[in-house]
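If you're matching them up, the sequences are chains B and A in order. Here full-length UniProt numbering is used: position 149 in the first sequence is 149, and no number is missing along the way. Here full-length UniProt numbering is used: position 266 in the second sequence is 266, and no number is missing along the way.
Where hints are given, some of them may not hold.
[Unchecked claim] Simulated pairs of lysine-lysine, DSS-like, Cα-Cα distance not exceeding 30 angstroms:
1. LYS79/A / LYS121/B
2. LYS127/B / LYS79/A
3. LYS257/A / LYS139/B
4. LYS139/B / LYS267/A
5. LYS146/B / LYS270/A
6. LYS193/B / LYS129/A
7. LYS202/A / LYS249/A
8. LYS153/B / LYS270/A
9. LYS161/B / LYS202/A
10. LYS127/B / LYS270/A
11. LYS231/A / LYS161/B
12. LYS193/B / LYS131/A
13. LYS153/B / LYS273/A
14. LYS202/A / LYS139/B
15. LYS220/A / LYS153/B
16. LYS273/A / LYS139/B
17. LYS215/A / LYS153/B
18. LYS220/A / LYS231/A
19. LYS270/A / LYS139/B
20. LYS273/A / LYS215/A
21. LYS134/A / LYS153/B
22. LYS146/B / LYS267/A
23. LYS231/A / LYS153/B
24. LYS146/B / LYS249/A
25. LYS193/B / LYS249/A
26. LYS220/A / LYS139/B
27. LYS127/B / LYS257/A
28. LYS270/A / LYS161/B
Hints are computed from structural coordinates only; laboratory data are not their basis.
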Amino acid sequence: MSGIVYRSLIQLSSRAALTSGCGSFVATPVRQSHWFSSVLSLKSSAPLRAEPKKKKKVDPRRELLVKERLKKKLKKLEKVPSELIPVEDFITPVHCFDETRIRSNPLLSFEESERRDLLLKEWSRYKHSQHQAEMTAIKDAIDAQKQALEELKMESEDLYKAAVSPDTNLFPFTHQGPCYTPPIPNYDPPDGKYNDITRVYTQ
Amino acid sequence: ASRPLWQIIARQGTLKAGVRNLSSSTQRWCAQKLRAVNSPSPWVLHGAVCLQRLPVISQDRNPIEEQFLDLLQQLEQEKSMLSDHELRLLLDSDRLSRKQEADYGSDDEDYESQDIVTAQDLEDAWEQKLKQFKPALRIKASDNTDVSSSERFLGDSLVLLVKQDVGHQNVWLLPQLQWEAGETLRQTAERALSSLPGAELKATFLGNSPCGFYKYQFPKNVQTESRIGAKVFFFKSLLSGGDCSSLQKDSFAWVRKDELQDYLKPKYLKQVKRFILNL
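Okay, chain A solo, but in the shape it has when bound:
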């Protein structure tokens, strides 16, 4: 239904209030019972950045969109009236057909209203001028091959993925860094972006609050009393300039939302997919 967004969310919230987030609510309850006042939490905090390059060109149209566009243009032309230029074209063609008849007397012509340059000539001249301008190509050759170029798929929004070492495993993930005391998580995310070796990326962070989070537990042998696992908080940012080419070739990638599954682990992917919008 075409209800406003806030109504849908409010409605959905009340429906799912009992069902949503069972696990986290019980965990919260237990955590609140166990934790006394001001005891340190057992989760290590990380800040991560979800850097998006927004689309540069418009997407190609679906077949139905093409059909509808044609229909709209037809309707517009049918409902409109003739413009000055079209009237001129009609008059010129009339005059031309009259000239080519056998019994043409040039004295009958109305010389004052004639122009040397006909409307058709003007149209041809305009077309010639348009052909002189060469716009840039919509599709570049590096679309499917070079994953590390940020010029792929100009019609979609891309996300930056980085290959990092996380606890003895070399995995693909959004650039993250451990939180240090004395800074906010957003600053951690900014540090994570700037500390990528060799990259000079300029990004605008959208707000102070995280857009999503992911929680994982360390393997049993690494777990201690104060470090059960890690919580990663993601911050959204938009690419506003800069270059990424000085990074190592295989250590980073610009991927679309549907290509994420080739790179990320399933649980991580599930959380990350929620806040990456492909609109």
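If we strip away everything but chain B, and leave its shape as in the complex, we get:
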């Protein structure tokens, strides 16, 4: 600070000497840069003139923190992601594609292919008529219900409101569907024996 003041004073005086018409004084213009200080000032280089770095107490801790962060980043980069567990259903085993497994089918005769095509068309017609019948039956049932509700509304509002309110005891609703043969009364099915060969993967 004092050096700066000193130097500026010298520069002022030199400038003043210049402007006031110098005599035998050689007026070499002093470049206004810190590398060229005036002859009169102390010989000091730029790094010497810089102020010393103030070491704060937090600094060693800061350095440690920086080092830790670098270490963590290294660890992350080095971490290899664990292998995904393969879904066995999506992988067809290689032995399924053996050539020995291809069936040698006899070629279809013209009559056979014609019969198949006609049967498919007949089937689509049958299914279509079945679907139409189902749709009309459902529509009739819905119409009957709508009419019943309208009539009930005409009768009494309270009963109509009770009828339209949702039934909470209905769901969850389960019903055993039809099988090929009726259930045998008091039948005790035998336990099946099996070897569980499923592969268990751990990550």
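Fit chain A to the supplied structure of chain B, relying on the hints for placement.
Relative to the frame of chain B, chain A by itself:
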């Protein structure tokens, strides 16, 4: 067409909007004009239950369905590849035919790949085991005869009909009971089911709303100002268990949809047929 159901219904509704239910709409209009606020309606209310026993076994196939099933199975087999078991069968038959040739040298055989039990033996053993299991018969002897058994026609859905006295007439109908003040119509239907003399039937009612209704007028001599006729509201329910055998033999019947016409009156049948689905 293969349009979704809601579209068909909406479409049909708009088409028939002008034509549908002329009689009931005019009646409604008149009724609304005549009836002042909070005057009692002249119809007696009844609640009835349409108890259905759903099919227990699958139905028999039509000829076309049989043909199509055969075709599908043929196609599946043609498009498939040989399985392990079939390969084994082929290998075993090859080995057998080689053994039976005249110039058979047993040293040429590859002993490591042989098994003592051939695939054909396994198949025979499995067939034997299947024959040991006797499934129940699909058709019972009581199919066409005993109308009061709920085990008839296991492939179709049956409806319970009851013979009741309705205004001096003994008729076949779905079990019904008169509505009493203070209960909902569904409770009336439940009461109707439980009040059948001697029956212990367990049923699940499907929802609070009626599925259909039937309106009839009393004969002229019984009609009064406040009782012109009766309205019956039907509620659907599914049989979930219980027994019906303790009822009198001739007073109830389990019938299919196409047998209903033998029992019910024509007008009643027309209304009831709408909501009984035979799907």
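Hints broken by the structure, by number, lowest first? Numbers 21, 24, 25, 26 - these are the hints that the structure violates, sorted from lowest upward.
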